[in-house]
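Asker: Numbering (numbering that gives the first Met the number 0), first residue to last: 0 to 336.
Simulated from the structure, these hints should not be mistaken for lab results. Just so it is clear, the structure is predicted and the values come from calculations on it, not from any experiment. Every residue, glycine too, gets a C-beta built ideally from N, C-alpha and C. Watch out, some of these pointers could steer you wrong.
Stated by the list, open to error - In silico SDA-like links for lysine to any residue, alpha-carbon gap of 25 Å or less:
#: 1; residue 1: 25; residue 2: 138
#: 2; residue 1: 123; residue 2: 86
#: 3; residue 1: 123; residue 2: 83
#: 4; residue 1: 123; residue 2: 45
#: 5; residue 1: 123; residue 2: 183
#: 6; residue 1: 25; residue 2: 103
#: 7; residue 1: 123; residue 2: 25
#: 8; residue 1: 123; residue 2: 197
#: 9; residue 1: 25; residue 2: 231
#: 10; residue 1: 25; residue 2: 182
#: 11; residue 1: 25; residue 2: 156
#: 12; residue 1: 123; residue 2: 163
#: 13; residue 1: 123; residue 2: 157
#: 14; residue 1: 123; residue 2: 93
#: 15; residue 1: 25; residue 2: 64
#: 16; residue 1: 123; residue 2: 133
#: 17; residue 1: 123; residue 2: 182
#: 18; residue 1: 123; residue 2: 64
#: 19; residue 1: 123; residue 2: 138
#: 20; residue 1: 25; residue 2: 133
#: 21; residue 1: 123; residue 2: 44
#: 22; residue 1: 123; residue 2: 200
#: 23; residue 1: 25; residue 2: 102
#: 24; residue 1: 25; residue 2: 272
#: 25; residue 1: 25; residue 2: 93
#: 26; residue 1: 123; residue 2: 105
To be verified - Each pair of labels, with its calculated beta carbon distance range:
#: 27; residue 1: 125; residue 2: 33; range: 15 to 23 Å
#: 28; residue 1: 132; residue 2: 97; range: 32 to 40 Å
#: 29; residue 1: 97; residue 2: 58; range: 19 to 27 Å
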Amino acid sequence: MSVLATAIGSMPGDETTGAGYREAVKVVLDQLPDLAAVPEQPGRGPAATMTGRTLAVVAGLDVDLQPAGWRLTGGSGSPGLDHRRTRSLLGQDLDALEELGQGYAGVVKLQVAGPWTLAATVEKPRGDLVLGDHGARRDLAEALAEGLRDHVRDVRRRMPAAASLVVQLDEPALASVLAAAVPTASGFGRHRAVHPPEASALLETVIGAVVAEGAEPWVHSCSAGTPLALLRGAGARGLLVDVDRLAAADHDVLAEALEAGDVVVLGLVPSTDPQGAVSDTALTQRIVRWLDMLGLDPTSGRLGVSPTCGLAGASYDWSRRALALSRTVADNLANLG
Numbered sequence: 000m001s002v003l004a005t006a007i008g009s010m011p012g013d014e015t016t017g018a019g020y021r022e023a024v025k026v027v028l029d030q031l032p033d034l035a036a037v038p039e040q041p042g043r044g045p046a047a048t049m050t051g052r053t054l055a056v057v058a059g060l061d062v063d064l065q066p067a068g069w070r071l072t073g074g075s076g077s078p079g080l081d082h083r084r085t086r087s088l089l090g091q092d093l094d095a096l097e098e099l100g101q102g103y104a105g106v107v108k109l110q111v112a113g114p115w116t117l118a119a120t121v122e123k124p125r126g127d128l129v130l131g132d133h134g135a136r137r138d139l140a141e142a143l144a145e146g147l148r149d150h151v152r153d154v155r156r157r158m159p160a161a162a163s164l165v166v167q168l169d170e171p172a173l174a175s176v177l178a179a180a181v182p183t184a185s186g187f188g189r190h191r192a193v194h195p196p197e198a199s200a201l202l203e204t205v206i207g208a209v210v211a212e213g214a215e216p217w218v219h220s221c222s223a224g225t226p227l228a229l230l231r232g233a234g235a236r237g238l239l240v241d242v243d244r245l246a247a248a249d250h251d252v253l254a255e256a257l258e259a260g261d262v263v264v265l266g267l268v269p270s271t272d273p274q275g276a277v278s279d280t281a282l283t284q285r286i287v288r289w290l291d292m293l294g295l296d297p298t299s300g301r302l303g304v305s306p307t308c309g310l311a312g313a314s315y316d317w318s319r320r321a322l323a324l325s326r327t328v329a330d331n332l333a334n335l336g
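Whenever a hint applies, use it, and build me the whole structure from the sequences.
Answerer: Listed below in structure tokens is the structure:
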């Protein structure tokens, strides 16, 4: 029996602090020998944030960086300077992964913003969010799906020894999208709520592209109110959640996922430097109590352990320690089984 240990994706540091991208790759490959998350390092600037990095993957649409954030500029096929920078940075990062990951035989996990979080953070050419335009958000989701196909192929070529690939869609904005809680550009209004069938349909578009390329689709959100049942219905075969933000109904959905053989990754290792000591024993016991509440044990399904969210706000030392703790807790649970 094995229990997974992984990371959500983001890591601290930038190229000027001595904790640059290559160092982040080394830490992840060293601490997560079975399921390495390709590091993201948003401290390097807009091109390295979750949105910027995902726009480097999107196919057929051009973007540029405005004071308010990323904005679509059309599909001219001639990306501007900002867009070229995002693609160049991603290419450099994958070069580092390819070089340092030679011989890595575990699963490799890629992370991108999901279609709804992307629509809630990118503007249309004339302003306001893509979220407010039914056709624009569909086009963006389709462009993301097509770009992911190429992205998965590229990483598979670079990491031939890896057993398989996972694509994690980050959807921290999904709960707000469904609840009409995303502000308009003026800040005085809110975008209309998206109905669950449409939310599911766009997720299915992107997840279908991931599955078509032979990768496993997971969805992560550390936001309270994320509809886990909707994610499973759209085809997600892995759910990554923050234990402290689960609602009562979420526990039943996660139990059903485990019983169906899907992955459930529980985020409970602190993602920023804690005030006091954090022991692997206490963390292990917390998961055991959660499993007992559900009438399950560590051998039920495909269980995972991770930090509560990304580690971008942690110190370098704690980021390494948090990954090591995740692995130790996973080993503890596996030994119980």
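Asker: The structure should be examined with respect to each hint, and the outcome stated for every one.
Answerer: Going down the list of hints, with the structure as the test:
no.	hint	verdict
1	25 to 138	violated, 37 Å
2	123 to 86	holds, 20 Å
3	123 to 83	holds, 19 Å
4	123 to 45	holds, 18 Å
5	123 to 183	holds, 12 Å
6	25 to 103	holds, 11 Å
7	123 to 25	violated, 38 Å
8	123 to 197	holds, 20 Å
9	25 to 231	violated, 33 Å
10	25 to 182	violated, 39 Å
11	25 to 156	holds, 20 Å
12	123 to 163	violated, 36 Å
13	123 to 157	violated, 34 Å
14	123 to 93	violated, 29 Å
15	25 to 64	violated, 30 Å
16	123 to 133	holds, 12 Å
17	123 to 182	holds, 15 Å
18	123 to 64	holds, 12 Å
19	123 to 138	holds, 11 Å
20	25 to 133	violated, 42 Å
21	123 to 44	holds, 22 Å
22	123 to 200	holds, 21 Å
23	25 to 102	holds, 13 Å
24	25 to 272	holds, 20 Å
25	25 to 93	holds, 13 Å
26	123 to 105	violated, 39 Å
27	125 to 33: 15 to 23 Å	violated, 47 Å
28	132 to 97: 32 to 40 Å	holds, 38 Å
29	97 to 58: 19 to 27 Å	holds, 21 Å
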